[in-house]
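Chains as they are written, first to last, in our numbering: chain A, 1 to 441; chain B, 1001 to 1100; chain C, 2001 to 2692; chain D, 3001 to 3166.
If you're looking for bench data, these hints aren't it; they were derived computationally from the structure. C-beta: ideal position from N, C-alpha, C; glycine also. Don't take every hint at face value.
[Claimed, not checked] Footprint (simulated), chain C over chain B, 3 or more residues, beta carbon under 8 angstroms:
1. 1015-1026
2. 1047-1053
[Stated by the list, open to error] Restraint-style ranges between C-beta atoms, simulated for each label pair:
3. C:L2653 - D:H3092: 35 to 43 angstroms
4. A:Y39 - B:H1006: 25 to 33 angstroms
5. D:H3092 - C:W2632: 51 to 59 angstroms
6. B:R1085 - C:Y2681: 21 to 29 angstroms
7. D:I3093 - C:L2653: 44 to 52 angstroms
8. A:R84 - D:R3089: 31 to 39 angstroms
9. A:V53 - D:I3019: 31 to 39 angstroms
[What the hints assert, rightly or not] Take a look, some chain D residues computed to stay more than 10 angstroms from chain A by CB distance:
10. H3029
11. M3066
12. A3107
13. V3157
14. K3164
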Amino acid sequence: MTNPFDILAPYLPDVLEPFILPLLQIGVVFLGLSLIVAYIVYAERKILAHIQVRLGPMRVGPHGLLQPIADGLKLLLKEDIIPRGADSFIFWLAPVISVMAAFTGFALIPFADNFIVTDVNVGLLFVIGISSLGIYGIILGGWSSNSHYPLLGALRSAAQLVSYEVALGFAIVSALLLSGTLSMSGIVKAQITHGVWFVFVQPVAFFILFVAAIAETNRNPFDLPEAESELVAGFHTEYSGFRFSLYFLGEYAAMILVSSIAVTLFLGGWTRPFQSVGWLDFLKYAPVALFAFCTYWCVAHERKMPRAPEWRWQRLMLLGLGGGAAVLALVFVAVPPVVDAVQGVFWFLVKVCAFLYGFIWFRGTFPRYRFDQLMRLGWHYMIPVAIANTIFCGVGLVLWRSLGWSFAGSLWIGTLLTLLVALLLSGQTEAPEPTVTRRGS
Amino acid sequence: MVPTTHYLMLSAALFTIGVVGVLTRRNVLIILMSIELILNAVNLNLIAFSRQLSDVTGQIFAIFVITVAAAEAAVGLGILIALFRTRETVNADEIDLLKG
Amino acid sequence: MPQSFLDAVWLVPLLPAASALLMLLIGRRLPKPVVSALCCGSVGLAFLTSLGIFVEMLGRAPGPERVFEKTFFTWIPSVPILTEAGGWAQFEVNWGFLVDPLSTVMILVVTGVGFLIHVYSIGYMAHEGGYYRYFGYLNLFMFMMLTLVLANSFLMLFVGWEGVGLCSYLLIGFWFKKKSASDAANKAFIVNRVGDAGFLIGMFLIITTFGTLNFTAVNAGLSNFSMGDPTIVAITLLLFVGATGKSAQIPLYVWLPDAMEGPTPVSALIHAATMVTAGVYMVSRANGLYQLAPLSLEVVATVGAVTAIYAASMGLVQNDIKRVLAYSTISQLGYMFLACGVGAFAAGVFHLYTHAFFKALLFLGSGAVIHALSGEQDIRKMGGLWSKLPITGKTFATGAIAIAGIFPLAGFFSKDEILWKTFSAEADPFFKVLWAVGLITALMTAFYMFRLVFLTFFGQSRVPHDVEHHIHEAPRSMTVPLMALAVGSAVGGWIGWPAALGGGNWFEHWLEPVMRGRGEAAAVEHSHATEYGLMVLSLAVAGAGIWLAYTFYLKRLELPERLASRFAGLYKLVYNKYYVDEIYSRVFVEGPVLGKGMGTAFAAFDAHVVDGVGVDGSAWLTRLVSRLTIWWDTWIVDGSVNLLGWLVWVLNLPARALQTGLVQRYALWMAAGVVLLMLYYVQRYWSLFFSS
Amino acid sequence: MFYLFNFYVLAALTVISAIFVITRRNPVHSVIFLIITLLSLALLYVQLQAEFLAAVQIILYIGGIMVLFLFVIMLVNLDVVARQAPFNRQWHIAGLAALVLLGELVAALYWGRGTPTLPLAPPTALQPNTELIGVTLFQNYLLPFEIASVLLLVAMVGAVLMAKRR
């Protein structure tokens, strides 16, 4: 299916032609992402609240649905402080870098088989490289603040990111081996042709990718760069106002990016679950079910609301939301092409949201690692296991290609070998308590 | 299309800038960066010619150059750290123990 | 066990030397029994070895086979010297031993008597401090004495000579806390130095005359000299000076009486039996020389005779038991020199041999008495000890009889031999005078010896009561040597049984290979009748002496005082030893010329000439030389080096200007080179690069 | 046309930021400008149909080496250095020599007869880029590749050894 934006192509001057369409798509992705990020924050607060048996934001809008917007406005209007002695240029540059790195990555993510900004044939490498640029946002921000906690946080996160990038890379390599291409869409298509998501043949690689992704985004339990209890707020202690919001944005965008990468590599990208199973085709109506549920939810809560006049706006808003959802559901039912057009993006977003929920869930449940434990985990367990996995994945592929064994079976042999290696590694002695060493001693 | 000469000019400029940096800056870090500049100029040359001759060998050599650059940076920075630890300076013109 | 004792002769001196070394190094840590066992054992082994040597010598045919010389190593490597005997000679001294009948007798005497005295010392010194030191010195003395008697050259002999001098000094001053003891030690040492000076000069003369010091070589060189050669006379007289020093003859006898300050066994061993006889040994060892010098022979004989009667006269009135024995020793030594002087060296050595027995016996007996009386030495405080000290008394009496010359004990043979040889030496009446002197001395000897015996052992006791009650006989370790020596002094003389009494006078023949027989023609022939007469006469004289002593000190006790008061002056003179010590001290110690004057003169010489010119001058010279060296070193040696370095430095200035050590400077040079190279290429390939 | 425009923009960016790299006092700024240079170079590589190299440039150079530089800058206290004179005493001579060199190069390239007259290869000649590089690297250049890996190993060991606090 062709790119929907190509409709506009004939109406453009061919000098600008190479610029306009990508810019349009970029704009769409950017706005959508910003919204999604805002509402992920809202979702995180809600979910954490419920995990901790609280209510979370309830005031702004019905069930605090407008809270993100309020937060954004507040951040935009806040005073923007530059600490004395800070390197103003870098202080300005750092958050921009992190946001830019996070958002540029999306240029290569195939949201659907027909919706991808640029399908470079080395797309995956580009995504990895650009996401690795995010480090600069953190390091430079921490350094330019001319303050101790940020510097420490910056150093920590730099070390952490560099360490876990290795494991991440190896985890990705195994997916590459399976798909035989570097282009993102190519990888998804490979999963379609193989008829199985790679997560089912490379569970170890997927696990490593997931853990590394959490570490890459400085999320719990790897959030040492911004550990509130140790370094006030890590690398962005000195940031406030819009710059801070930029960091915020960049961070959550990075979350979404790594989730999308994981989805693309291992969860079959835009394909619906069990693509190859024919009798599951009814799943194409899942969006309809979702919106119908939304409608029901809005109406149900509108009923619970007090009838007092000051609640009128909230009730109206809920009803409007429910109505919109109902309309969408009806359109989907009525016009099949729309449903088909939406399929890819829908499933992609569903998987990404599942990932994000996992992130939030971890944050709600896991305690934080000590730094030496973090490093130990990265270098002593993750990287060796990832290397072993890569090797045995190659072995499995050889078995499959040259000996003609079954694809899944040969890869599972490799996976079992990898698990064996992991078992041996886990036999290592535990890390000793860190001893304080004075400098120059 | 862009004539190859343009790329060559660009790489010449980069190269010269790198040489100037190596020759004039005092900070060893900057000198190392200038060396990276020179190496990149070389890479640009290689890739431009590989484009012109439609031969991938140039890119292979660019890869090797990048490898060497990585090694050089690692070792150079290690030396720098050791130097700073012993001499408390990173200025190239303060390190003249080997003068005759 | 070596196949030949002669080859093992080095064992004889080295065994005592080893134990002496051990004693003086670690003796302090050794328990007394170990010390005694080691020292006596080593000396005993030496004695056994000597016995072996003696037996081996007996096995050999008389004559040159009995002269055995063994050289161990070169001491003074050969140096050419010009001798009076004519031409050049290679002078060298070897460390070697000469074993011949004479030295065999000597080592037998030394080790035998020495062994007995060692054993005696175990008991005598049991309660003394410095036990190990005493025995160490004693063993050292044995070593030195044996070196002396075994020496094959005058220098080796001199080594032993000085060594025994040192040991005598150490042992006289053994109780160095006693002022008198240390004074006596110094006196002995210094007086001996005087004699040794003469000995040294004599040796130098020998060197310049014969070009060697080896006995056999010297004897071989004698043939070049006629009778009475002045050089030989000088040599012999000088050697005799040394002998008078060591053997306490006039005028150097004064040290011996004082030497009695040392422990009694030391007196017995050193100042009676062995060391003091070294002079006699040396003279008889050099008999070849002496027989070429009749003058010095007469000197020797005269000095010997005079010393004999002189010392005997002093011995008559002394009251210290040991001093009496000391003077008797001196007079007996005089006898020996008398024998040597009349050319009867064999007789001298024979008397030496017998004298060693009975004089050692007498000293040890007196030691036992002193031991019993807890240190009392004055015979006026003794008496009536016969019953209390039976063994000591009998043995002491035996010794007295022997020395008095009563037939058939040892003393009779040797003394009578000497007297006979003196009488029959030459027709010259002078020798008859000497003979008369010897006879009178024999009378005196008998008298004072028995005076000693009677005063000590008979009559009623004059011992103070505090000492009286714990008088006790000496322990076995002391009595056994006494008895052994008594036996020796009883029968020891029989080996020299004179021909007149049907004996072969074996001892004289035994020594013949050593003694260059004097032309028998010189000797006047006498019939046996004369000899018998003389024997009877000397016996009568001895008996008379004993009877006199008996009357004086047992029967009519008032006589001595009456005589003393009658001849008060004489008595006083003799009692004070003729004031010789005082004269010596006046003349040589405080005397203006020979004493203080010479001392100050020597001091001045030492201070100004030796120290001033010699030492300080050499030091000044050294400083001067070192200044010159410093100057040379600084300006020439170092200067050249510095010049070289400076040259290199200068020549390197341009190179150093290039070597800035700055990496970027080098890089700049490189870049400049690249630029120039490219310029060259541009102009070189102008037509190729640049179109139009 | 479009590519020429791209080229000029990127070339200008490259040169300017490169000049900034060697002129900034603060090494951190230099690092940032160097990153910009490398990025624009990577984009130029894309335009030269060397996408793989572009990605490698971004991952290795920007994601690796430059991070290393920043690390070292943070370890080494540079407040003093920032206040010192940035150039050494030989800068004028060196600059002159460098300018002469540039002149020679440009002259040689500009008037030089040679490369530009050759026909440019068709744009698809180097496609698919990654596969081509992989095949060439692991077939014709296997030994150099291994040697390069050994070189990296040695460099790693050496760096660890030197930076280790003794």
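Going through the hints against the structure:
Counting residues of the segment 1015-1026 of chain B whose CB lies closer than 8 angstroms to any CB of chain C gives 4, which reaches the minimum of 3, so the coverage claim holds. For the segment 1047-1053 of chain B, the stated coverage by chain C is violated: 0 residues have a C-beta nearer than 8 angstroms to a C-beta of that chain, whereas at least 3 were required. Checked against the hint of 35 to 43 angstroms, the pair L2653 of chain C and H3092 of chain D fails, with Cβ atoms roughly 25 angstroms apart. Look at Y39 of chain A against H1006 of chain B: about 48 angstroms separates their beta carbons, and that is not inside 25 to 33 angstroms.
Checking the proposed 51 to 59 angstroms range against H3092 of chain D and W2632 of chain C shows it holds: the Cβ atoms sit about 55 angstroms from each other. One distance hint, 21 to 29 angstroms for the beta-carbon pair R1085 of chain B and Y2681 of chain C, is violated here, with the actual separation near 45 angstroms. For I3093 of chain D and L2653 of chain C, the hinted distance range of 44 to 52 angstroms is not satisfied, since their beta carbons lie about 22 angstroms from each other. Separation of R84 of chain A from R3089 of chain D is about 34 angstroms and conforms to the stated range, judged on CB atoms against 31 to 39 angstroms.
The hinted window of 31 to 39 angstroms between V53 of chain A and I3019 of chain D is violated, with their beta carbons roughly 60 angstroms apart. The claim that H3029 of chain D is not at the interface with chain A is violated, since a C-beta of that chain comes within 10 angstroms of its own (minimum 7 angstroms). In this structure M3066 of chain D is not separated from chain A by more than 10 angstroms, as the shortest Cβ-Cβ distance comes to only about 8 angstroms. A3107 of chain D, annotated as away from the interface, keeps every beta carbon of chain A farther than 10 angstroms; the closest lies near 34 angstroms.
With a least CB separation of 16 angstroms from chain A, V3157 of chain D remains clear of the 10 angstroms interface cut-off, as annotated. Taking the minimum C-beta to C-beta distance to chain A, about 13 angstroms, the non-interface status of K3164 of chain D holds against the 10 angstroms cut.
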